[in-house]
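A.B. asks: The lines below spell out each chain.
There are 2 protein chains.
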Amino acid sequence: MKKNLLVAQSGGPTAVINGSLSGLIREAMCHPEVIGAVYGAVNGIEGILQDRIIRVDDQFASAADFELLCHTPSSALGSCRFKMPSPESGAAEYARLLEIFRKYEIGFFAYIGGNDSMDTANKIANYCYEHGEEVRVVGVPKTIDNDLPVTDHCPGFGSAAKYIATTLMEISADSAVYPLKSVTVVEIMGRNAGWLTAASSLSRALGGSYGPQLIYLPEAAFDVDCFLDDVRGALEKEDSVVIAVSEGVRLADGSYVAESMQSGQVDAFGHKYLAGVGKYLERLIADRIGCKVRSIELSVLQRAASHLQSGTDLAEAIRTGETAVQFLIAGKTRVMVALRRISNEPYRIGYEAVPLEAVANVEHKIPREWINEAGNGVREELVRYLAPLIQGETAVPMKDGVPVHFAFDKTPIEG
Amino acid sequence: MKKNLLVAQSGGPTAVINGSLSGLIREAMCHPEVIGAVYGAVNGIEGILQDRIIRVDDQFASAADFELLCHTPSSALGSCRFKMPSPESGAAEYARLLEIFRKYEIGFFAYIGGNDSMDTANKIANYCYEHGEEVRVVGVPKTIDNDLPVTDHCPGFGSAAKYIATTLMEISADSAVYPLKSVTVVEIMGRNAGWLTAASSLSRALGGSYGPQLIYLPEAAFDVDCFLDDVRGALEKEDSVVIAVSEGVRLADGSYVAESMQSGQVDAFGHKYLAGVGKYLERLIADRIGCKVRSIELSVLQRAASHLQSGTDLAEAIRTGETAVQFLIAGKTRVMVALRRISNEPYRIGYEAVPLEAVANVEHKIPREWINEAGNGVREELVRYLAPLIQGETAVPMKDGVPVHFAFDKTPIEG
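Residue numbers (our numbering), protein chains in the order written: chain A, 1 to 415; chain B, 416 to 830.
Only chain A is shown next, with the shape it has when bound in the complex (with noise of 0.2 Å):
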């Protein structure tokens, strides 16, 4: 008998997390034999317990429309923050949820998103399962952060990372362009795992002249004194230094740099106010130093600028996409598409089902072997992981000087 799939996001968003959207629209629809309707829930799962349900398959009018989705920044279906609580204290969202999969008769859901959103869907299946429930259910990696473990990597890193390695480029080509000494600190994104930031590092890495100079992640310990000592060292060489700090850098105490350093801080509204790190810094060398100093901060333009997206990682986004759908149809249930690399040259990366029970809640951060003994810049294996992965362009559909975006019609079925 043939059931309908259920596909919603999660999380905050990344360049490609519609590739995969897409490309498991799409593969769905090659299976008219297993899968009846394709749904999608607006605003992940609290868009399912509110029944906000939207026929998707029905609104592409041609292959372009596709092609359009998969470069359309931000999330096409909404996003959530929700975390499904467990089956004990949180009966009424399960009744509800089985509700809604009956009503519009899912027998495939499928979850788009990080951390947090796999240790929902592993919910949702160990629930499904447990209570004979005919549904099953994949999980689809996303997070520009990449602090998933057991995958290689994943979608949405890759393009990240590609924006990133470009932009400090860039900034390091501008700060250089004055003769006089300075200092420009970039606040990349990871609370946690510095992958991103390790990013920057691309450029020069390669072998280029351009990039930060200095690179700090929050897998090897802070320390305010030997900072200062290495901005120093660094001027001496370089009239113009730049640093990339992950946003998550915290002192040998595994308290955040940026929280533990400002507390009397107060806004235009005298209400305490916290700075983030890169702004921290850029006070801190104006204090200590005293050279022309400023900070920058990517904020969301790294995780949103689909205009320049890896295209290995949009390649990857989309296969992943169409890998759970064929997982679901092979029967598997409770499980993660995971990307393992088979070979690193050439680079070849295969895809396998693991169980959502191992990915959950784990966090993948960086060896710290993989990061020079000064905990300031990074090592050749680190490099040697992160270049395959922000290889190859992608040809964004331009109108009127701007980029084209896909949006779905959200009206929900029912109200």
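These are calculated hints, taken from the structure and not from any lab test.
These numbers come from a predicted model, not from an experiment.
Using N, Cα and C, we set each Cβ at its ideal position, and we do this for glycine too.
One or more hints might be untrue.
Claimed, not checked - Non-contacting residues of chain B with respect to chain A, defined by C-beta distances greater than 12 Å in every case (computed):
{"#": "1", "residue": "A430"}
{"#": "2", "residue": "I515"}
{"#": "3", "residue": "R755"}
{"#": "4", "residue": "W785"}
{"#": "5", "residue": "E829"}
To be verified - Facing chain A, from chain B, some residues (calculated, C-beta under 8 Å):
{"#": "6", "residue": "E585"}
{"#": "7", "residue": "A588"}
{"#": "8", "residue": "V592"}
{"#": "9", "residue": "P594"}
{"#": "10", "residue": "S624"}
{"#": "11", "residue": "M676"}
{"#": "12", "residue": "Q677"}
{"#": "13", "residue": "A719"}
{"#": "14", "residue": "S721"}
{"#": "15", "residue": "V817"}
Starting from the known structure of chain A, arrange chain B on it as the hints suggest.
C.D. replies: Frame of chain A; chain B shown alone:
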């Protein structure tokens, strides 16, 4: 008798400033009957006064190198902020300048820069002219701010405008991802002129559904209460509101919003500190409206993002450089290359020589009547003016997943 050509760059970089340099050097090399060697000064006028002169015409192995230079961000010859004093107070500087001109047998001098640089070019041109020195001087306009008078627009502006229009679409899509009320404030460069901030309108104005709902420019007086009313009104219509604000917005009394509103703010080190207007408005909204709010400063990314040049802008930048040489050869001096819009549909541009005297120190701002009455959005005239400038893309040379940039050997002929 053949004379040599000297070129220099000054002021803040743009994404295509090296396009003008590339076009200029290449064109100069096409006229060996008139122009001997082509020299570059490192770091603008400062480099001339310090005899940091390099030969540039022998640093290109092939046409591909000229192409690379066109896609290289920042000022490839380095820049300076040095403003030439008047001949009365700067006799030593003028004498030194003539000494260097004579030493390298310079008969042609091209200065690529913005407002202040055209003032410097004008002073040098007048000095040479009045002292019978046979040096012809041409100004080559560049500025992301688009604040030069006489010329229809400035090379460099179109690429920054394209980056801003694209990035604001991406930020707007990203901001709408969660089902909650939120405001995102994006601070854009432009201390006195709002052209760049106005470019954020381009997607929405051309029929797109992404981009800022509210736009604030220095040319319309800013009122804090009206602003809060605007934001509340926009939040009633849509969950996610994006605001584009120029760094230079001012109150009705002419004072900058960012400076007049936060006299008491101190940083983590107890020093007085001025946050940008974006951060100030973020805190204002948090205090008075209380919804989720974030601010983003585009910072130098908007002038350095040569990975997203406007095809129209790059072509015009190159052509402006070529035209400068043609003007010099034709005997023109004390002029700047200006762009004249012959027609808007189809978009056609002519190049003409205008007196440097008419350009130096005059600021070109947005006419108030191109901004809506409420001062929170743009009118159709402004969109029609802006739209052609961001059309077309360029093929950025890539290697190892990141752009390839050109670099001069900057070792001076004599140190």
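A.B. asks: State for each hint whether it applies.
C.D. replies: Each hint, compared with the structure:
no.: 1; hint: A430; verdict: 9 Å, violated
no.: 2; hint: I515; verdict: 17 Å, holds
no.: 3; hint: R755; verdict: 21 Å, holds
no.: 4; hint: W785; verdict: 19 Å, holds
no.: 5; hint: E829; verdict: 17 Å, holds
no.: 6; hint: E585; verdict: 4 Å, holds
no.: 7; hint: A588; verdict: 4 Å, holds
no.: 8; hint: V592; verdict: 5 Å, holds
no.: 9; hint: P594; verdict: 5 Å, holds
no.: 10; hint: S624; verdict: 6 Å, holds
no.: 11; hint: M676; verdict: 6 Å, holds
no.: 12; hint: Q677; verdict: 4 Å, holds
no.: 13; hint: A719; verdict: 4 Å, holds
no.: 14; hint: S721; verdict: 7 Å, holds
no.: 15; hint: V817; verdict: 5 Å, holds
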